[in-house]
Amino acid sequence: MSRPFTTLTSVAAPLIEDNIDTDIIIPSREMKTTGKTGLKDGLFAGRRYAEGRVENPDFVLNRAPFRDAAILLAGDNFGCGSSREHAVWALAEYGLRCVIAPSFSPIFAGNAVRGGVLPLVLPAAEIAALAAVAGPLTVDLPAQTVTGGDAAFSFAIGAEAKAMLIGGLDAIDLTLLFADRIADWTARNRAARPWVYLGSA
Amino acid sequence: MPSLFDKLWDRHAIATTEGGATIIAIDRIFLHERTGAAALNSLAAAGRSVIDPARAFAAMDHIVDTLPGRSDVTTMPGGTAFIRETRAACAAAGITLFDIGDPQQGIVHVVSPELGIVLPGLTLVAPDSHTCTQGAVGALAWGIGSSEAEHALATGTLRVMRPPTMRVTFTGTLPPGVTAKDMALALIAAHGAAGGQGHAIEFAGPAVTALAMEARMTLCNMATEFAAFAGFIAPDAVTFDWLQGRRYAPQGALWDRALADWQDLRSDADAVFDREISLDVSTLAPMVSWGTSPAQSLPLGQPVPAFSGSGSRAAHDKALAYMGLAEGQSLAGLPIDAAFIGSCTNSRLSDLERAAAVVAGRQVAPGVRAIIVPGSSAVKRAAEAKGLDAIFRAAGFEWRESGCSMCFFAGGESFGPQQRVISSTNRNFESRQGPGTRTHIASPETVAASAIAGRISAA
Numbered sequence: 005m006s007r008p009f010t011t012l013t014s015v016a017a018p019l020i021e022d023n024i025d026t027d028i029i030i031p032s033r034e035m036k037t038t039g040k041t042g043l044k045d046g047l048f049a050g051r052r053y054a055e056g057r058v059e060n061p062d063f064v065l066n067r068a069p070f071r072d073a074a075i076l077l078a079g080d081n082f083g084c085g086s087s088r089e090h091a092v093w094a095l096a097e098y099g100l101r102c103v104i105a106p107s108f109s110p111i112f113a114g115n116a117v118r119g120g121v122l123p124l125v126l127p128a129a130e131i132a133a134l135a136a137v138a139g140p141l142t143v144d145l146p147a148q149t150v151t152g153g154d155a156a157f158s159f160a161i162g163a164e165a166k167a168m169l170i171g172g173l174d175a176i177d178l179t180l181l182f183a184d185r186i187a188d189w190t191a192r193n194r195a196a197r198p199w200v201y202l203g204s205a
Numbered sequence: 110m111p112s113l114f115d116k117l118w119d120r121h122a123i124a125t126t127e128g129g130a131t132i133i134a135i136d137r138i139f140l141h142e143r144t145g146a147a148a149l150n151s152l153a154a155a156g157r158s159v160i161d162p163a164r165a166f167a168a169m170d171h172i173v174d175t176l177p178g179r180s181d182v183t184t185m186p187g188g189t190a191f192i193r194e195t196r197a198a199c200a201a202a203g204i205t206l207f208d209i210g211d212p213q214q215g216i217v218h219v220v221s222p223e224l225g226i227v228l229p230g231l232t233l234v235a236p237d238s239h240t241c242t243q244g245a246v247g248a249l250a251w252g253i254g255s256s257e258a259e260h261a262l263a264t265g266t267l268r269v270m271r272p273p274t275m276r277v278t279f280t281g282t283l284p285p286g287v288t289a290k291d292m293a294l295a296l297i298a299a300h301g302a303a304g305g306q307g308h309a310i311e312f313a314g315p316a317v318t319a320l321a322m323e324a325r326m327t328l329c330n331m332a333t334e335f336a337a338f339a340g341f342i343a344p345d346a347v348t349f350d351w352l353q354g355r356r357y358a359p360q361g362a363l364w365d366r367a368l369a370d371w372q373d374l375r376s377d378a379d380a381v382f383d384r385e386i387s388l389d390v391s392t393l394a395p396m397v398s399w400g401t402s403p404a405q406s407l408p409l410g411q412p413v414p415a416f417s418g419s420g421s422r423a424a425h426d427k428a429l430a431y432m433g434l435a436e437g438q439s440l441a442g443l444p445i446d447a448a449f450i451g452s453c454t455n456s457r458l459s460d461l462e463r464a465a466a467v468v469a470g471r472q473v474a475p476g477v478r479a480i481i482v483p484g485s486s487a488v489k490r491a492a493e494a495k496g497l498d499a500i501f502r503a504a505g506f507e508w509r510e511s512g513c514s515m516c517f518f519a520g521g522e523s524f525g526p527q528q529r530v531i532s533s534t535n536r537n538f539e540s541r542q543g544p545g546t547r548t549h550i551a552s553p554e555t556v557a558a559s560a561i562a563g564r565i566s567a568a
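Here the protein sequences come in this chain order: X and L.
Heads up: the first sequence begins at 5 in the working numbering, then just goes up one per residue.
Heads up: the second sequence begins at 110 in the working numbering, then just goes up one per residue.
Please keep in mind that the hints were generated in silico from the structure rather than gathered at the bench.
Don't take each hint at face value.
[Said to hold, decoys possible] For lysine-lysine, the following BS3-like pairs were computed, each having C-alpha atoms within a straight-line distance of at most 30 Å:
no., chain 1, residue 1, chain 2, residue 2
1, X, K166, L, K116
2, L, K427, X, K44
3, X, K166, X, K40
4, X, K44, X, K166
5, L, K427, X, K36
[As the list claims (entries may be wrong)] Sample of chain L residues facing chain X (criterion: CB under 8 Å; computed from the structure):
no., residue
6, D119
7, T189
8, P236
9, G254
10, T266
11, A299
12, A302
13, A303
14, A336
15, A494
[As the list claims (entries may be wrong)] Okay, the calculated beta carbon distance ranges per label pair:
no., chain 1, residue 1, chain 2, residue 2, range
16, L, K495, X, P127, 52 to 60 Å
17, L, I386, X, R67, 38 to 46 Å
18, X, G172, L, A499, 56 to 64 Å
19, L, T125, X, R67, 41 to 49 Å
Glycine included, C-beta positions come from ideal geometry on N, C-alpha and C.
The following block holds chain X by itself, in its conformation from the complex:
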């Protein structure tokens, strides 16, 4: 269950580099507990802090007006690398609810939808146009548009991901509606391919 996502208006912080990996988003050393919280201070830690954990003034999130940005503009293959969902949890906890990139790692995109962060795909040229907008952007998920200044773009998103984000839905609850079909399928498969199943049951 995540926070529902409908529309979002915010300045957009530009971090337009390809292959921003999940080690950059949240270094492994910042994942200090087995829980899902306490991660926002570790977000982009390697870039955000200089020696002694003082803020690096060059990093985009340490500069006005991007410190409180809820939208991040990025390059190709955002979220590649480790599957750690902590990357999404850290972004959401910091307040970044939408990442706009030309492409995402498939694991990151799946994690983002589960965690209430919209992975929004636009071509690089349109992202560059959004980066040139001086004021805030508005992301409208139901309408599938991003607008701001003179820029207005529409984006595609799968119906499943859209419904999950808008509803803040729990995927397990939704799948358990299929519990009878899953049980029937499993019984048939067990008869056909018994080696798949280990132990008794």
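Mind docking chain L on chain X? Use the hints.
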């Protein structure tokens, strides 16, 4: 007409959701102590249980130390909690855990195939991006996050949009000394780290069927560095011979039945893919990465390239600055501070045998820290039975317990800032092996030869 992917997918498709996702049956789920406790604790907190614990497994690999005499206490600050919470959560859920001290402990993607937990035709998921490694036996195996791990544990399924398909055909014959690792790096260097974007990728062609089983795992391991949804190889006699008799593989009449079922796990001659690419391996050379993405790799003899126009100039310059390199510089002969052989990519017995053949009778260069971390406790025992540990120790290598070890930095051991490390691992990302550490990824034989020379060198 159907491809191998179509067959794997259709065997597991239970239903279609309103949003167009498939509810896909998950045959195996594997956890580790980095994210296992998070998933199991969250599941329990929601009042849910594991639907079939007999098909769920866990191993201690990410956080546990690989130093001799290890225990629950770790060099990573706070690591003990990950170990103990995972142990308790697995016990409560009835999940088999390959714990510290268990003879089967090791890296998930080494242990699972070696125990026959992954099999041809199965679906297997783990909250670990390198789960694609296990596609090498003809399974559909992919990495997921913690939430999806909870979903798979609770329901025995995942909701997945059917990915597009790609076939990567490797033609020709590998030159001597060139390996599956070099094939993977050459592919990613040619097509980019996003080149496989979200595709289910079948690796095929004569150069793939010629690979031994463990080399196939190395190739599939790097599919995630290519942004693939999954990577897999059609199972054949090499696969079946390698798996037969393993602990969790079917035995006796059940093996015969499974074997008959697996014969169909190959793409039909007229199978259609959304994308097809091919690469001739005959002219490949040992590859080494120069930058901070696996795509920034080159044949060992070539100079660091000038900016080519793909990606951004700033990113190119940033990678060079991070790595302490200049355009036009040769990697061959570059002095190194450390050499690391391990990880789910290249830590199996055959990897260690090839590295030992390079090292035998020679000495690690003065000032170079050289480390070998077997991929599993079983690999460690097998290597010791063959005397490989003696070869490595005599040369000056550390011989470790198994685990992920220094492939990634979690706050414990590191190589140090600006230290140049040649590593048989999969990621040369900024600070992956420690803050500021400069990682060059390569095959185990290239790492071994470089450790001896004290400079980046081919075997």
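Verification of the hints:
For the hint pairing K166 (chain X) with K116 (chain L), the CA-to-CA distance comes to about 28 Å; that is within 30 Å, so the pair holds. Pair hint K427 (chain L) plus K44 (chain X) holds up; C-alpha atoms about 25 Å apart against a cutoff of 30 Å. A threshold of 30 Å between alpha carbons decides the hint, and for K166 (chain X) with K40 (chain X) the separation of about 23 Å falls inside it, so the pair holds. For the hint pairing K44 (chain X) with K166 (chain X), the CA-to-CA distance comes to about 25 Å; that is within 30 Å, so the pair holds.
A threshold of 30 Å between alpha carbons decides the hint, and for K427 (chain L) with K36 (chain X) the separation of about 29 Å falls inside it, so the pair holds. The restraint placing D119 (chain L) at the interface with chain X is violated, with a minimum CB-CB distance near 12 Å, outside the 8 Å limit. With a cut of 8 Å, the hint placing T189 (chain L) at the interface with chain X is violated, because the nearest CB-to-CB distance is about 11 Å. Hint status for P236 (chain L) relative to chain X: holds, with the closest Cβ pair at about 6 Å, below 8 Å.
A least Cβ separation of about 4 Å between G254 (chain L) and chain X falls short of the 8 Å threshold, and the interface hint therefore holds. Nearest Cβ of chain X to the Cβ of T266 (chain L): about 6 Å, under the 8 Å cut. The hint holds. Because the beta carbon of A299 (chain L) sits about 16 Å from the nearest beta carbon in chain X, more than 8 Å, this interface hint is broken. For A302 (chain L), the suggested interface contact is upheld, since its CB lies about 5 Å from the closest CB of chain X, less than 8 Å.
Taking 8 Å as the C-beta contact cut-off toward chain X, the hint placing A303 (chain L) at the interface holds, the least distance being around 4 Å. About 6 Å separates the beta-carbon of A336 (chain L) from the nearest beta-carbon of chain X, less than 8 Å, and the hint is met. Restraint check, A494 (chain L) versus chain X: the minimum CB separation of about 29 Å is more than 8 Å; hint violated. For the hinted restraint 52 to 60 Å between K495 (chain L) and P127 (chain X), the CB-CB distance of approximately 54 Å keeps it satisfied.
A beta carbon spacing of about 41 Å between I386 (chain L) and R67 (chain X) agrees with the range 38 to 46 Å that was offered as a hint. A beta carbon spacing of about 59 Å between G172 (chain X) and A499 (chain L) agrees with the range 56 to 64 Å that was offered as a hint. The hinted window of 41 to 49 Å between T125 (chain L) and R67 (chain X) holds, with their beta carbons roughly 46 Å apart.
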